[in-house]
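Asker: Chains A and B, in that order, give the protein sequences.
Here the numbering used here is used: the first residue of the first sequence is 277, the next is one more, and so on.
Here the numbering used here is used: the first residue of the second sequence is 4, the next is one more, and so on.
Don't read these hints as lab results, they were simulated from the structure.
The model shown is predicted, which means the values in this text are computed figures rather than measured ones.
Incorrect hints may appear among the rest.
[Unchecked claim] With a straight-line Cα cutoff of 30 angstroms, these simulated DSSO-like cross-link-like pairs (lysine-lysine) come out:
#, chain 1, residue 1, chain 2, residue 2
1, B, K60, B, K74
2, B, K60, B, K12
3, A, K278, A, K318
4, A, K318, B, K60
5, B, K12, B, K74
6, A, K343, A, K332
7, A, K343, B, K12
8, B, K12, A, K318
9, A, K343, A, K278
10, B, K17, A, K318
11, B, K60, B, K17
12, A, K332, B, K74
13, A, K332, A, K278
14, B, K74, A, K343
15, A, K318, A, K332
[What the hints assert, rightly or not] Only some residues are given here: those of chain B computed to face chain A with a beta carbon under 10 angstroms:
#, residue
16, T10
17, F13
18, G19
19, Q20
20, Y36
21, G45
22, L46
23, L48
24, G56
25, D59
26, N65
27, P115
We treat Cβ as the ideally placed atom computed from N, Cα and C, and that holds for glycine.
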Amino acid sequence: QKEVEQNSGPLSVPEGAIASLNCTYSDRGSQSFFWYRQYSGKSPELIMFIYSNGDKEDGRFTAQLNKASQYVSLLIRDSQPSDSATYLCAVTMYSSASKIIFGSGTRLSIRP
Amino acid sequence: NAGVTQTPKFQVLKTGQSMTLQCAQDMNHNSMYWYRQDPGMGLRLIYYSASEGTTDKGEVPNGYNVSRLNKREFSLRLESAAPSQTSVYFCASSSRGRASGGRPDNEQFFGPGTRLTVL
Numbered sequence: 277q278k279e280v281e282q283n284s285g286p287l288s289v290p291e292g293a294i295a296s297l298n299c300t301y302s303d304r305g306s307q308s309f310f311w312y313r314q315y316s317g318k319s320p321e322l323i324m325f326i327y328s329n330g331d332k333e334d335g336r337f338t339a340q341l342n343k344a345s346q347y348v349s350l351l352i353r354d355s356q357p358s359d360s361a362t363y364l365c366a367v368t369m370y371s372s373a374s375k376i377i378f379g380s381g382t383r384l385s386i387r388p
Numbered sequence: 004n005a006g007v008t009q010t011p012k013f014q015v016l017k018t019g020q021s022m023t024l025q026c027a028q029d030m031n032h033n034s035m036y037w038y039r040q041d042p043g044m045g046l047r048l049i050y051y052s053a054s055e056g057t058t059d060k061g062e063v064p065n066g067y068n069v070s071r072l073n074k075r076e077f078s079l080r081l082e083s084a085a086p087s088q089t090s091v092y093f094c095a096s097s098s099r100g101r102a103s104g105g106r107p108d109n110e111q112f113f114g115p116g117t118r119l120t121v122l
């Protein structure tokens, strides 16, 4: 079992709709959770992070964390064509807070 | 600030050859990382260095060695390249201990990547 799992997609969402991306992790001691966005041929960049159970909102992005279910999600409201990218979930390991493991990524496509 | 730089950008090797990928950061970060990215596999952690003077194995360390030369530089060495090591390699760094501007202290900043092909 991979330590961080995501559906690879592609996930196709119409422009203006809500895109929902999901991630599960296996290490119950994980403390920090991240969503990175990666455009094709580019490097990943951080868009959201969350440490506590519940929701965290930043503009059109909402990160949701449920530690009991070991589940993290990212919602993108009012999806734009510029949101088309691969979204990578990343989690710190309990054994070392510096050890950060990524999921395989979900490719999101926003159709006009 | 250049951020995280990697050299070379592209490299083609023959099976059995060796090479070193270089990474440097000018952000005074404590932690540095090497990942590889294959199609559909996301980023897989090869090695990381939580602080100067320490290195630890990640998910896929076999066939690689690393050196944390100083606080700025973290190199990745392939002693005997194999076709299975064909990939895009990303170096990253994070401050670890100095959060600022509402950003987490373990936010990773990535270099532009090295595209390696082993024939």
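Asker: Work down the list of hints and note, for each, if the structure agrees.
Answerer: Structure-based check of each hint:
no.	hint	verdict
1	B:K60 to B:K74	holds, 18 angstroms
2	B:K60 to B:K12	holds, 24 angstroms
3	A:K278 to A:K318	holds, 24 angstroms
4	A:K318 to B:K60	holds, 25 angstroms
5	B:K12 to B:K74	holds, 22 angstroms
6	A:K343 to A:K332	holds, 14 angstroms
7	A:K343 to B:K12	violated, 39 angstroms
8	B:K12 to A:K318	holds, 12 angstroms
9	A:K343 to A:K278	holds, 17 angstroms
10	B:K17 to A:K318	holds, 26 angstroms
11	B:K60 to B:K17	holds, 26 angstroms
12	A:K332 to B:K74	violated, 33 angstroms
13	A:K332 to A:K278	holds, 26 angstroms
14	B:K74 to A:K343	violated, 34 angstroms
15	A:K318 to A:K332	holds, 26 angstroms
16	T10	violated, 15 angstroms
17	F13	violated, 13 angstroms
18	G19	violated, 29 angstroms
19	Q20	violated, 26 angstroms
20	Y36	holds, 7 angstroms
21	G45	holds, 4 angstroms
22	L46	holds, 4 angstroms
23	L48	holds, 6 angstroms
24	G56	violated, 13 angstroms
25	D59	holds, 7 angstroms
26	N65	violated, 17 angstroms
27	P115	holds, 6 angstroms
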